[in-house]
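Q: The residues making up each chain are set out below.
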Amino acid sequence: MAVISNGTTVFDAGALGSGVPTGGLTHIKTLTATDDTATMVFTHGTSSVVFDGTYDSYIFKIHNIHPEQDGWFMNVDFSINGSDFDLTKLSNAFRAQQTESNSAQSLAYVTGADNANAAAVQPISFDSSNDADHAMNGELQIWQPASTTFVKHYTSRFQATGSSNFSADYYANGFINTTTAITTVKFLMAGADFDSGQISLYGVKG
Amino acid sequence: MGLISNGTTLFDAGAMAAGLAGNMVFMKKLTASDSANLTFVHGSGGVDFTTYKEYIFFFKDIHLEANANWGVQFDTGSNSNFNQTITSTAFYAYKAEASGNTTLSYNTGIDKAQATTHQVLMMDGLGTDADNSNSGFIKLYDPGSSTFVKAFSSETQVINTNSDGTGNPYCNHCFVSGYINTTTAITKVQFTAASDNFNGDIILYAIA
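Protein sequences, first through last, are from chains A and B. Residue 13 in the working numbering is what sits at position 13 of the first sequence, and the numbering runs on without skipping anything. To convert a position in the second sequence, counted from 1, into the working numbering, add 206.
Derived from the structure by calculation, the hints contain no laboratory data. You may find that some hints are simply not true.
What the hints assert, rightly or not - Lysine-lysine pairs mimicking DSS-like chemistry, simulated, CA-CA at most 30 angstroms apart:
| no. | chain 1 | residue 1 | chain 2 | residue 2 |
| --- | --- | --- | --- | --- |
| 1 | A | K186 | B | K266 |
| 2 | A | K186 | A | K29 |
| 3 | B | K266 | A | K205 |
Quick caveat: nothing in here was measured; it's all calculated off a predicted structure.
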């Protein structure tokens, strides 16, 4: 049953009418890691994932990622065909950190987490802690992944509890150096697997 | 009465179906008017700190009555001591209106190493001129968790008046991030100035 008001379709076929103003942040898909999860992969057109020109940008909100081991980067990578993760990226990375013992507070560029037109993964959280109460939280935003004109920009920020009991504020920003549409986004730990955690994909309306 | 279209429930029991109107859910707005603090309490006035994994508090035109700093603390259960243990980082970028001084620097004055004092989000020396105000946000992750410590990160744009001791207005971009070192659920979030009262709005949203 449709609901039509003053000539405008408010509801039809189980959805809001296209002319009805709604919130700008739309949940698309949540993936949950369990013990020994190696990767968390979002592919356009698979399992209800939308990752194309429908939205202006996409935000991955990453909650309570708990890794299997201490001391590894959490990474992201991208593909244009779902199988080859070999796209070059130019990026920068920096972080602020402070220990629980007040012994090593600093703001610094992280040369090990940037990319210089390399086909390597992009680190987004630069340490991991397997303590039972430790986790990583943050977000990664990607603009216009389906553009066939421009390279694809991304920015990320993470709060993480470090493996030697420190608080870290991690930033990674850059672009995927391709004008081909990105269809797949993959999250993985540099070593070991995920123990638990969620990654939720949202679309941001233009 | 529910409204069902093509098998999908659009409205029922006085509420719209989840996600239908977007996934950034307005939860509560508090307005400070010469107020000592603003406090969001789980279970009070529509505030719910257990259902969602991420909450965002937006600060709109926070105006202090004294040249001080402004920040946040948290508490658990029915406690109201606002003295949770926090480890955090802080850095900032600023530019002075008159002198042109610029800085990008870590701030050892407002970071925390297992401290229980209030977490400064807007650095000391906030301007009190009639046209001075400060805005930004803090994200709080999974405050209802009984497994993990509670992560937070903030970003604010403020007007400082004494960052270099000259009294010149400064445009100051502050980044604070850390964790509340408890696995007990957070039930209260309180925003205060270091001294005197403040004005402005704080709006709480949840990410569904």
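Q: Checked against the structure, which of the hints given earlier come out wrong?
A: 1
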